[in-house]
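**Q** For the sequence shown, this note's numbering assigns the number 19 to the initial residue and increments by one for each residue that follows.
Errors might be hidden in some of the hints.
Now the in silico label distances, taken between C-beta atoms and shown as ranges [said to hold, decoys possible]:
no., residue 1, residue 2, range
1, 109, 24, 25 to 33 Å
2, 32, 111, 33 to 41 Å
3, 59, 102, 13 to 21 Å
4, 34, 76, 18 to 26 Å
5, 65, 28, 18 to 26 Å
Since the hints were made in silico from the structure, they are not lab data. The beta-carbon is built from N, C-alpha and C at its ideal position, and this holds for glycine as well.
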Amino acid sequence: MNTDFEWDERKNLENIRKHNVSFEEAQKAFKDPKRIIVEDLEHSKKEKRFFCIGKVGKEILTVRFTYRERKIRIFGAGYWRRGKERYEKEQNK
Numbered sequence: 019m020n021t022d023f024e025w026d027e028r029k030n031l032e033n034i035r036k037h038n039v040s041f042e043e044a045q046k047a048f049k050d051p052k053r054i055i056v057e058d059l060e061h062s063k064k065e066k067r068f069f070c071i072g073k074v075g076k077e078i079l080t081v082r083f084t085y086r087e088r089k090i091r092i093f094g095a096g097y098w099r100r101g102k103e104r105y106e107k108e109q110n111k
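Please model the complete structure; the sequences and the hints are all you need to start from.
**A** Okay, structure coming up:
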């Protein structure tokens with residue numbers, strides 16, 4: 019996968035503090051061939067935002083992101099229950 023990622027480093031540090039996940043690690047969710055991309059309908063109205071839900075190691079990671087100028091801009095990431103439930107539901111279809 020030759021995808022370029024970007025993020026705000028302050029948001030990265032805040033995410034590490036709050037959710038114990040770096041945005042460097044979050045990139046791994048996009049490598050899961052069974053990943054799920056879902057539009058985030060609850061947040062920004064200025065631009066489309068999405069969730070990438072993918073397996074990283076033995077856990078399911080949810081990444082909030084958008085596309086900007088052919089790059090994936092990460093806003094947040096965490097091992098959240100809702101993402102895990104969605105992933106497992108999709109895999110069991």
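**Q** Determine for every hint whether it applies to the structure shown.
**A** Hints versus structure:
1. Between residue 109 and residue 24 the C-beta distance comes to about 29 Å, which sits within the given range of 25 to 33 Å.
2. Under the hint 33 to 41 Å, the C-beta atoms of residue 32 and residue 111, about 35 Å apart, fit the expected range.
3. For residue 59 and residue 102, the Cβ-Cβ distance of about 20 Å falls inside the hinted range of 13 to 21 Å, so the restraint holds.
4. Judged by the Cβ atoms, the range 18 to 26 Å given for residue 34 and residue 76 holds: they are separated by roughly 20 Å.
5. A beta carbon spacing of about 19 Å between residue 65 and residue 28 agrees with the range 18 to 26 Å that was offered as a hint.
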